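K.L.:
The residues making up each chain are set out below.
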Amino acid sequence: MPKLINKSLLPPKKYFMQGNIACAEGALAAGCRYYAGYPITPSSETMEHLSNRLPEVNGVFIQMEDEIGSICSMIGASWAGAKAMTATSGPGFSLMLEGLGYAVMTETPCVIINVQRTGPATGQATRPGQGDIMQARWGAHGDYRIIGISPWSVQEMYDLTIESFNLAEVYRVPVILLADEVVGHLKESFIIKPEIEIFNRDSSMSDKPFGTVQDDGVPPMPIFGQGAKLLVTGSTHNEFGIRKVADPVVQDMLVKRLCAKIDNHKDKICKTESYLVDDADYLFISFGISARSSYAVIKQLRNEGIKAGLLRLKTIWPFADEIIKSAAQNCKVVFVPEMNRGQLVLEVQRVLCNKQVISIPKTQGEAIYPSEIYNESKKYIK
Amino acid sequence: MPKLINKSLLPPKKYFMQGNIACAEGALAAGCRYYAGYPITPSSETMEHLSNRLPEVNGVFIQMEDEIGSICSMIGASWAGAKAMTATSGPGFSLMLEGLGYAVMTETPCVIINVQRTGPATGQATRPGQGDIMQARWGAHGDYRIIGISPWSVQEMYDLTIESFNLAEVYRVPVILLADEVVGHLKESFIIKPEIEIFNRDSSMSDKPFGTVQDDGVPPMPIFGQGAKLLVTGSTHNEFGIRKVADPVVQDMLVKRLCAKIDNHKDKICKTESYLVDDADYLFISFGISARSSYAVIKQLRNEGIKAGLLRLKTIWPFADEIIKSAAQNCKVVFVPEMNRGQLVLEVQRVLCNKQVISIPKTQGEAIYPSEIYNESKKYIK
Amino acid sequence: MEKIKLNRKWCKGCGLCIEICPKNVYDREAKVSTKGFKEIIVKNPDLCNQCQLCELLCPDLAITIEKTKKDAKVNK
Amino acid sequence: MEKIKLNRKWCKGCGLCIEICPKNVYDREAKVSTKGFKEIIVKNPDLCNQCQLCELLCPDLAITIEKTKKDAKVNK
Amino acid sequence: MSKIKITGFGGQGVILAGEILANAAVMDGKEGSAIGSYGSAARGGLTSSEIVISNEFIDAPFSEKPDVLIALSQDGYDKFVYTVNQNGIIIVDSGMVSIKPLPKQYELQAANIATSEIKSPVVANMVMLGALSAITEVISKTALINAIKETVNEKFVELNLRGIEFGFEKGKQIK
Amino acid sequence: MSKIKITGFGGQGVILAGEILANAAVMDGKEGSAIGSYGSAARGGLTSSEIVISNEFIDAPFSEKPDVLIALSQDGYDKFVYTVNQNGIIIVDSGMVSIKPLPKQYELQAANIATSEIKSPVVANMVMLGALSAITEVISKTALINAIKETVNEKFVELNLRGIEFGFEKGKQIK
Amino acid sequence: MSEHLYKYLRPEAFPTPFCAGCGHGILMNAILRAVDELQLDFNKIVFVSGIGCGAWIPSPHFAADTLHTLHGRPIAYATGVKLFNPDLKVIVISGDGDLAAIGGNHLIHAARRNIELTVICANNSIYGMTGGQVSPTTPKYAKTMTTAKGNPEEPFDLCKLTVACGARYVSRYTVYHIKPLINSIKKAMTTKGFAFVDVVSPCPTQFGRRNKQPTLYEMFNDLKARAIRYETAKGLKKDELTGKIIIGEFNE
Amino acid sequence: MSEHLYKYLRPEAFPTPFCAGCGHGILMNAILRAVDELQLDFNKIVFVSGIGCGAWIPSPHFAADTLHTLHGRPIAYATGVKLFNPDLKVIVISGDGDLAAIGGNHLIHAARRNIELTVICANNSIYGMTGGQVSPTTPKYAKTMTTAKGNPEEPFDLCKLTVACGARYVSRYTVYHIKPLINSIKKAMTTKGFAFVDVVSPCPTQFGRRNKQPTLYEMFNDLKARAIRYETAKGLKKDELTGKIIIGEFNE
Ligand SMILES: Cc1ncc(C[n+]2csc(CCOP(=O)(O)OP(=O)(O)O)c2C)c(N)n1
Ligand SMILES: Cc1ncc(C[n+]2csc(CCOP(=O)(O)OP(=O)(O)O)c2C)c(N)n1
Ligand code: SF4
Ligand code: SF4
Ligand code: SF4
Ligand code: SF4
Ligand code: SF4
Ligand code: SF4
Ligand SMILES: [Mg+2]
Ligand SMILES: [Mg+2]
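Respectively, the protein sequence lines represent chains G, C, P, V, D, L, A and S.
Using my numbering, the letters of the first sequence correspond one by one to residues 1 to 382.
Using my numbering, the letters of the second sequence correspond one by one to residues 1 to 382.
Using my numbering, the letters of the third sequence correspond one by one to residues 1 to 76.
Using my numbering, the letters of the fourth sequence correspond one by one to residues 1 to 76.
Using my numbering, the letters of the fifth sequence correspond one by one to residues 1 to 175.
Using my numbering, the letters of the sixth sequence correspond one by one to residues 1 to 175.
Using my numbering, the letters of the seventh sequence correspond one by one to residues 1 to 252.
Using my numbering, the letters of the eighth sequence correspond one by one to residues 1 to 252.
So here's chain G without its partners, still in its complex pose (with noise of 0.2 Å):
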């Protein structure tokens, strides 16, 4: 896929910005130009700064009747050829559900941001949690793979949502950015860099727009007005969009390169990052902005003398099982601090099966502290 480079949009330096605001900007560097939305706390700054950016931009921005609408209008405008995005948070997103299996099943391109909020059910409003990990990946209903990514700064809710865009035009997916709400809603400075790398997808034309020699590859997606004449349909179909409601191999193969174009590309979609690693004795393995708290403990264990380090997943899914187990091969104890009542430990408990794996789980509505974590990991640590 060839890869382009693009001018920032705003002024390349160094700003200070809510984090909600520099997603917003990181989609219009990506190349976003259609918005579909419905307010919801903490996520509606996003689509309030789109409201007034898109159309400076010649974009589209269109507060929708509700979530379903907004992601299906979004689908609906990136088959007209748009890079399209939604927003929202748990109870928004838990209505996007039937909406993104349909963008899995028809391999459409696009973003979709969940500012986590403190569940279930309308919960607390306004409170921080990370407890829609296992949702983003689990759903909707039938075997599909997404792509979810974890912010964990104001620097990230930028970087990782171009990187979102990027991924949902090369893989032809839907991908979720798992935020939360003190990342959405916190305050720092990032740079914005004059150039940007950006992907676009092949929409060159085809009669095969949903079918590929390689098992695991991504078809070319030609847009609606070309003359491709496209059978876009959520039905189980063949490589040329026809429905096969009633046949066992069509059916296998669409869910299994569905699945494959993921699972086979994890190298290149996953991406960690390690501080302190090598030689840790106790690993903390975290996203978001629990992953902060976790970096914040990692140092102060090393100023202790204890070899503590910090894998951090941003991508989440799919999960980087490989990774995680390279990097845990070594050490004593793993840890999993997170916003929830433990999510994305249940996974990597899976994956590492003989370690010790400490559940650090916190639902509260607030954000997990540096103390807690330090708190409950010091009953491990000898």
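One or more hints might be untrue.
[To be verified] Heads up, simulated DSS-like pairs for lysine-lysine below, C-alpha to C-alpha not over 30 Å straight-line: (1) G:355 x C:3; (2) G:13 x S:149; (3) S:7 x V:3.
Derived by calculation from the structure, the hints in this document are not laboratory data.
Computed from a predicted model, the values in this text were never measured in an experiment.
Once you've looked at the hints, dock chains C, P, V, D, L, A and S with the ligands against the given chain G.
P.N.:
Here is chains C, P, V, D, L, A and S with the ligands on its own, set in the frame of chain G:
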């Protein structure tokens, strides 16, 4: 919780009936008097049957405008005192997830039938699948628990629907009957016994309908019109039902109790069935119609002198990890046949860390046949 | 060139053309075909007045009325 | 017994009562309180004609007009 | 345990026949199961029914390798004829299907019988069930009759029973 | 690394003050982060802002144990006063808060100053920032001024700057 | 169908998957006639549909861009297509269940917003595809799979509803009234703004069979008997209109 | 509020969480007056609301059974309550965003079905709770958080809409027109069938501030200027009604 014995509604005898209709009859026998639903293949027969039968027993039937309305109206009816139910399939279930989370948060007894078809998205609407297992567990935002049950026969479409209502009432939790198209549309013989064990919610007056002394208890549930001045809310609330949307302690206690009231009673909730497990070298773990094919396979393997056994999960959620661990203790290889790309197997792998756990997935919009399981397992049987 | 084209592959035998044709142009075969119904035949093509009703109302798009010159404008 | 009860705990100082009272019954204190606004006072209770407008329109349900006998039926 | 597959196109009553067969087995005191599967379009497409009859709990209620294949249409015959169990038999409407030369294949013109003798083409399915009962031990005629009486709309019971009778007689002849 | 917490009730401009402070740090070439947290009702409830200023990447952007607590209201003071770092300091609006006898506590009547001197009660928050700048090394007055100029609506820049100045002077006095 | 319209079809998709005598095939024909008479560029039309028999009218039968979406959501998808590329003509074709039951909210909001879409409701007063359950347009007292004793609910008048939302062009015809129907679809397709055509399209299989009109012809006779022109209807009282189908253009 | 109404309140829930000058408090008062004047049994009323400021009116302020549901869904919940126990009086109170944006479908279907509910829309023409985004009742050209240059869309007239669906009783008043409002709520509460009251309730914080009416009093002045009686409005042309708020009863 006091157990009641009810007379069955239909004359006790052997019947020949479709699974979906047996489900409807099971619901009636359990005391279901409210049904709200929206048509969808392959679950509609349940609703059609109830549209005729409910008025006969003074119950209420309504076809709502969509699945969201269905689950919400069911929850409303439950608070008005009804045993209430809805039935759907993948796309409809995806739309119900926000409501599901609400039912969990408000501890509303209710039963959701998901007759699983082939996904993702519209997929193959008339074809069987088991791809919504993980969705049932993780589909709504935030942290929560539900109970998920899997019938493998028409008999169990009846029996386990009754069981679903009982569990819903005892634990004040939504229970999801994870059926599949095969058991839903299968017609076979089954027996209605003269008497049925029934559990009803404790609807005694209480000023603390959302709090208990125990950390894992189930509070009494007064209903509307009793004068209890109920405050029912999907926001975080204290034991009285008062919204506490910024209180870390209340949030933590509530979420923990919602999880613990299920987790800590696994031994009472989880039902499994073992076939020739005791001396098995090769253990099959399966559920629903896949378990029936597995059952045929172990019989065939035994005929060949191979020590094969089957552990069948009637309860999928909460996950019966202890039972699985002890069943698998002495076996060499564990096989997990299922009609998806490998969902239950992930849990089994997590729990049976040191075993060889082999996934036998099928996503062809067809039942998984004994021959397929047999051939695949034979590769590992020496 | 025939005036009335009946696309048997598309026709499902609903019988609407028979009922609706003012000129009694259509009829059925005597025997049930392997498609499970008695196929439609154009019995009296010459009676056709090219009113196009059958063409417009056939639910399986199975009928074409070729316009002969003199009628060509009737349905503009 | 006072005719006008002002529930200071509930009042948020929106000032509607001041604006809307036809008899100029209400006013504000001079200084900002710890609640962040100048509290409302019932300056001229005796001018009140018991029209009840303030009671019905106070958005914080903070005003009660006790009816004296002669006016008791005014707002039935 | 007997595994039967009935196949035809939509409208031939394949699903109903399967259900009556399984239900009849239940009335005979056995276990019986039936799975109907509709083609993609449900209208004219390939339809089939899988029936299992057993003295004990039926494990997998499928007829992957049927002991008996009952074929009412060409498509169904072509699709399933080679899946039949090696000791299995085939009962085929040779008026509808051009058959392959195979052992243990019983031919009768069910649709023709239904049309000409019973004046009701829709009971070809019952003719086939009648023949099944005559040719094999799988199900008794009495059980079929009882099942029809219980299941079928009163108006059509008589017609269906005649289908069974005709089929049974024909079955005895070709057995 | 400095961790600051500003606390008050809704309407006192606590969040804005936090943002200006963090932004000022960024203008000073440092890293700065600000998190605002609203009370349950967002209207009159307890509000606070956590600011971290650092020369390198800020790890956890929280002020669990602040080095500086700036308290504009009683509730906030009561809630956070004992969370202050052992070497930390407290700057408190003693016109609004009845204080406890504590070391390293600096008192000024910010709201009164704002009302009487600047005729604008809403800039008490700026008065506190000005005092902070005088009392500690955390932030320079110039940086605050620049941040205000960049952030605040033009109409109110002047007013806010006066708040900073008054606060700075007062801070120098009580330092 | 006239052979000069074959160019708009994917022949491999025929025969259609509809039942014998399904009104949706007639509507299919009518839509293509309208497109043809207007000489619209078929490469610049996007046909959007939901889930249901009616939703299969364009997909896969039309040789244009088609977007076969989720049940109830075609209007939301169409909104995205149209807003991002206003040069495309976006035509929504879907069932009464799809557009008015689960999809009702998108319908009323798109009408309110006046998004330039042509929305054609293939209205058979029933859920055809799922086996004949009651729909929001099923007449009162009619029998369906879920109202065996007769529908107790009042149906929507979708034309009144969309007019109340501010739709620019609103009409109703039955497939039997084929020529005014084609003309009306043409008007809808050229409306600058939201246009809605409610097309009464018989479903003999699921509706007719249960309501003593088992063939399309019998259903046509019923339509003929019940149809009444909008202008005529205006003069009548509510109870005089019971059971009537008001046809014509609803905007004034 | 008159002290004899205090018995309907949970005093611990006061002061309300609403902003100073929020119209929703006035509506709260009006509803309780109506309940009191009708002498309804408060133990047999269930108040159902969605999510939003308006949804907080009954929950937790009213000392009755309250069901605080999901955003947009109160009418669906209420349907379940009412159908299962028709002896309960079920009153839905929620915002314009809740009832008409995300919840629009439940609104129109409940009206069509004529479920016996009293639905009171606390209509501030904005999403108050989430910070002032445009709502489906925001007047054209008004400024909101997501329409900084003025709302480009036409709003719903929710009364026209519910009338078109067949609602039995439909009215609109502003909280300023407090006495007719109370009377209308009483009528709605005693309607045998679906009743809808659209209550214009000022939101100074999110709407007023952005549209040059920063206080409740100023918003009242605006309401006074724009209100026009239904009977009067009938005689006027569409453009004469631009910007007007039609108050009165819409059923005829
Ligand atoms: C979310 C969801 N719910 C339910 C269904 C099942 N479903 C498919 S089509 C249909 C009804 C179709 O009725 P209508 O739109 O009137 O079209 P028709 O078949 O009558 O032409 C339903 C309920 C679905 N596919 N998705
Ligand atoms: C599914 C879902 N989407 C969005 C939200 C966020 N949300 C909460 S209240 C609200 C709008 C409230 O507006 P309205 O109903 O008009 O009430 P108001 O606050 O104006 O009184 C929104 C969008 C939510 N809670 N749930
Ligand atoms: S109307 Fe068309 S489909 Fe029906 S019988 Fe005639 S040709 Fe065949
Ligand atoms: S065109 Fe008219 S007259 Fe000719 S066959 Fe068709 S319906 Fe009959
Ligand atoms: S109207 Fe009510 S809330 Fe407003 S100032 Fe007067 S008493 Fe206070
Ligand atoms: S009752 Fe009337 S006159 Fe008396 S204080 Fe209130 S508004 Fe003024
Ligand atoms: S079920 Fe009805 S709508 Fe669907 S294809 Fe058949 S006749 Fe047409
Ligand atoms: S935001 Fe508006 S609606 Fe909400 S409480 Fe404040 S004034 Fe009332
Ligand atoms: Mg329909
Ligand atoms: Mg509102």
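K.L.:
Would you pick out the hints that fail for this structure and give their numbers low to high?
P.N.:
The structure breaks only hint 1.
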